[in-house]
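Enquirer: Sequence:
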Amino acid sequence: MEIIAIEYRFTLADGSQEVFLLELDAHTLELLVERPEKLPGWTNLTFHQCPHCRVTQAQHPYCPLAANIADIVMRFDHLISYDRVHLDVITQERVTSQDTTAQQGVSSLLGLVIANSGCPYTAFFKPMARFHLPLATVQETIFRAVSIYLISQYFLKQEGQPADFELQGLKEIYENIHLVNRAMANRLRSICHSDLPANAVILLDVYTKAFPFTIEKILKNLRCLFAPFLQDIRYLALVE
Numbered sequence: 001m002e003i004i005a006i007e008y009r010f011t012l013a014d015g016s017q018e019v020f021l022l023e024l025d026a027h028t029l030e031l032l033v034e035r036p037e038k039l040p041g042w043t044n045l046t047f048h049q050c051p052h053c054r055v056t057q058a059q060h061p062y063c064p065l066a067a068n069i070a071d072i073v074m075r076f077d078h079l080i081s082y083d084r085v086h087l088d089v090i091t092q093e094r095v096t097s098q099d100t101t102a103q104q105g106v107s108s109l110l111g112l113v114i115a116n117s118g119c120p121y122t123a124f125f126k127p128m129a130r131f132h133l134p135l136a137t138v139q140e141t142i143f144r145a146v147s148i149y150l151i152s153q154y155f156l157k158q159e160g161q162p163a164d165f166e167l168q169g170l171k172e173i174y175e176n177i178h179l180v181n182r183a184m185a186n187r188l189r190s191i192c193h194s195d196l197p198a199n200a201v202i203l204l205d206v207y208t209k210a211f212p213f214t215i216e217k218i219l220k221n222l223r224c225l226f227a228p229f230l231q232d233i234r235y236l237a238l239v240e
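Here the sequence shown stands for residues 1 to 240, numbered as in my numbering.
Since the hints were made in silico from the structure, they are not lab data. Note that CB positions come from ideal geometry on N, CA and C, so glycine has one too. Incorrect hints may have been included.
[Claimed, not checked] Only pairs whose alpha carbons sit at most 16 angstroms apart, straight line, appear in this in silico EDC-like list of lysine to aspartate or glutamate:
#1 Lys126 / Glu216
#2 Lys171 / Glu216
#3 Lys209 / Asp164
#4 Lys126 / Glu23
[Unchecked claim] Across the chosen pairs, the derived CB separations fall in these ranges:
#5 Gln49 / Phe229: 21 to 27 angstroms
#6 Leu219 / Lys38: 28 to 34 angstroms
#7 Thr96 / Leu39: 29 to 35 angstroms
#8 Glu172 / His193: 33 to 39 angstroms
#9 Leu21 / Ala123: 33 to 39 angstroms
#10 Leu39 / Phe229: 18 to 24 angstroms
#11 Ala5 / Leu230: 38 to 44 angstroms
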């Protein structure tokens, strides 16, 4: 099995470290992890369950998303959101290092894990996890999300299926993710001593809530980058 490994290494203010090695199946992008035999009660499926949840207790007695982030949540429950950390994200291709807040760093880690958590609503973000960009900005996130969505529509068209180039399906994906984030933040608020775990999810949700309202503006601002394609259609013939 080909494996994609991504390591998140947090160095805290006291010099201690929290290290998370995530391994993904390179073909399915499933998260390869051994869950403990007993998970905390707050990971039960029905505990602050998402209002639009498509998972049944017969399938999963535990919320797949909660089960996959439980270790991260418990290991950071002693920090507050604006504690300073040094973050190194190590992949086969590169190392990304930055001094940042615990909230920013944990939010980036959660975004990666949530995409591969097994939640039906987050599965659409698996390609983004494959090309993970730590600590991405709103503009970077929208650029990547739109690009990956349009690639998926290209493949649908190749298979003779209707393709959505108006991004309506992408907006629906983000609307569903907003409900997931909101329910997960409520779940974490009810059990955590620190504000960090819930706020890390809320930070992800800032991007999610902003998406339907900012996408047109951000795409308009990005239009100038594609001037070579737009100024003269003959350019496309030259590169064929």
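Enquirer: Each hint should be assessed against the structure and marked as holding or not.
Expert: Cross-check of the supplied hints:
1. Between Lys126 and Glu216, the direct Cα distance comes to roughly 24 angstroms. Violation of the 16 angstroms bound is thereby established for this hinted pair.
2. For the hint pairing Lys171 with Glu216, the CA-to-CA distance comes to about 11 angstroms; that is within 16 angstroms, so the pair holds.
3. As the CA atoms of Lys209 and Asp164 are separated by approximately 21 angstroms, the hinted pair breaks the 16 angstroms bound.
4. At most 16 angstroms may separate the alpha-carbon atoms for a hinted pair to count; Lys126 and Glu23 meet this at roughly 13 angstroms.
5. Take Gln49 and Phe229: their Cβ atoms lie about 45 angstroms apart, and the range 21 to 27 angstroms is violated.
6. One distance hint, 28 to 34 angstroms for the beta-carbon pair Leu219 and Lys38, is violated here, with the actual separation near 47 angstroms.
7. Checked against the hint of 29 to 35 angstroms, the pair Thr96 and Leu39 passes, with Cβ atoms roughly 31 angstroms apart.
8. Evaluation of the 33 to 39 angstroms hint for Glu172 and His193 yields a pass: the beta carbon distance comes to about 36 angstroms.
9. Distance hint check: the CB atoms of Leu21 and Ala123 are about 22 angstroms apart, inconsistent with the given range 33 to 39 angstroms.
10. Separation of Leu39 from Phe229 is about 50 angstroms and departs from the stated range, judged on CB atoms against 18 to 24 angstroms.
11. For Ala5 and Leu230, the hinted distance range of 38 to 44 angstroms is satisfied, since their beta carbons lie about 40 angstroms from each other.
When each numbered hint is compared with the structure, violations occur for hints 1, 3, 5, 6, 9, 10.
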